[in-house]
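The chain contents come next:
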Amino acid sequence: MISNAALADLIIKMADDELIQGHRNSEWTGLGPVMEEDIAFSSMAQDKIGHAWALYRILHEHLGGEDPDRFAFMRPESAFKCAHLVEMPNGGYDFSLMRHFLFDHAETARYESLQDSSFEPFQLLSKKIKGELKYHTLHANAFIMQLSKASEEGYARMQTALNDTIALAAGIFEPSAAHEETLIAEKVYPGEKELYHRWLDRIYPVLVNASLNLPDMDSITPAYGGRQGFHTTYLGPLLKEMGEVFNLDTEASW
Amino acid sequence: MMSATISQEDVYHALEQVMDPEIPVLSVIDLGMITGVDITEGQPVLVRMIPTFAACPAVSYIKDNIRTVVEKALGVAVTVEIDKHVHWESNRMTAAAKEKLKNFGIAPPPVLEGDVRPEIMLNTPCPHCGSEHTYLRSPFGSTLCRAIHYCKSCGQVFEQFKPLE
Chain A
1 MISNAALADL IIKMADDELI QGHRNSEWTG LGPVMEEDIA FSSMAQDKIG HAWALYRILH
61 EHLGGEDPDR FAFMRPESAF KCAHLVEMPN GGYDFSLMRH FLFDHAETAR YESLQDSSFE
121 PFQLLSKKIK GELKYHTLHA NAFIMQLSKA SEEGYARMQT ALNDTIALAA GIFEPSAAHE
181 ETLIAEKVYP GEKELYHRWL DRIYPVLVNA SLNLPDMDSI TPAYGGRQGF HTTYLGPLLK
241 EMGEVFNLDT EASW
Chain H
1 MMSATISQED VYHALEQVMD PEIPVLSVID LGMITGVDIT EGQPVLVRMI PTFAACPAVS
61 YIKDNIRTVV EKALGVAVTV EIDKHVHWES NRMTAAAKEK LKNFGIAPPP VLEGDVRPEI
121 MLNTPCPHCG SEHTYLRSPF GSTLCRAIHY CKSCGQVFEQ FKPLE
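Chains as they are written, first to last, in our numbering: chain A, 1 to 254; chain H, 1 to 165.
Mixed in with the good hints, there may be bad ones.
Derived BS3-like pairs (lysine-lysine); straight-line CA-CA distance at most 30 Å [stated by the list, open to error]:
1) A:Lys149 - A:Lys127
2) A:Lys127 - A:Lys193
3) H:Lys72 - A:Lys134
4) A:Lys130 - H:Lys72
5) A:Lys187 - A:Lys149
6) H:Lys100 - A:Lys130
Keep in mind that the hints were calculated from the coordinates and are not lab data.
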């Protein structure tokens, strides 16, 4: 019997990452550098928010959690378990693109591993999501390579974006002090450390192809804290904005 | 109720009239969205379906359409359920559906043998002139299930229904 608390911890952090990254992506709607990018970030936003909803629904249906909409919009900031990476404002397209590249490869490594999960709802969901993520990473890889090879300025900006995001991205793989060992022992997932290595194996060939230098991973300090409810100053205002309409009438039927 | 005299075939026949709201030439049958029909006497007819993409915004609309169209056609109560045990892949789309899609101006997905790889998104035949002198402009189009391509022969931008594993 897998511990419900351990499962809930994993589901909530995955779902919160998807929800917040989805909202950040949606902020590009109407503002993309070219029309196709505007559409791409909007589509990926829709995918991610859909994935968050599917995860909140698993929590609701299998673990006695709250209704997905209420759970998404009515929790206090400290109950969110998203990584600091996804909380950051969009910045320029270079920052957003690099974050998308690092985040979506991390997500892909995670969902691929969940195909073998002992928790059946993860198996069913991961198959679906994995196929969709192919397009996210196809998009990210293509743009990382094109912009890095386009000009000196493009190359410099992508390298700077990588340097600025890598410690934040490493923070995705913050293990849970309370539940990590249980989840690995129960074969729910292979654990954050293993996923971190699979992630590096995925991003490294693309970075090499783009001639970008991966910073020395032993010298960076991963941005931990999000999984424990400690967040950057950017999350609070975002949650307020996201929940603004919902909280006008929390009993309304949509 | 007449439910005892209704066959699965009748239900599938009625389902051919339920069109996709985003691509009105394709029915839910053409798209391979129906995974099963259960007829149990004394109970509503159960239709099981799957969305093409997880976050497809048209799903609840399609569910309602299935229910109302089949109820009207057969005069029985219908329940529509999302089937969590089957996932949609583009190979579920029928050959006839792909032909209709092309005639509608959207390039159909190629038959997938194995995984989706970037290469299969290149040289997609243009639905307007048939040329394969095309390139992928963006894997994201006007809906989640479409990609944008450009045809170098006829100079037109066109959409493709994306292959999905």
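Going through the hints against the structure:
1. The hinted pair formed by Lys149 of chain A and Lys127 of chain A fails the criterion: a straight-line CA distance of about 34 Å is larger than 30 Å.
2. Between the alpha carbons of Lys127 of chain A and Lys193 of chain A the distance comes to roughly 22 Å, so the proposed pair stays at or under 30 Å and holds.
3. Taken as a hint, the Lys72 of chain H and Lys134 of chain A pair is broken in the structure, with Cα atoms around 40 Å apart against an allowance of 30 Å.
4. Taking the CA atoms of Lys130 of chain A and Lys72 of chain H, the gap is near 38 Å; set against the 30 Å cutoff, the hint is violated.
5. Note on Lys187 of chain A and Lys149 of chain A: the hinted pairing is violated, with a Cα-Cα distance of about 42 Å set against a maximum of 30 Å.
6. A hinted pair counts as satisfied when its Cα atoms are at most 30 Å apart, and Lys100 of chain H with Lys130 of chain A qualifies at roughly 28 Å.
Consistency note: the structure conflicts with the earlier hints numbered 1, 3, 4 and 5.
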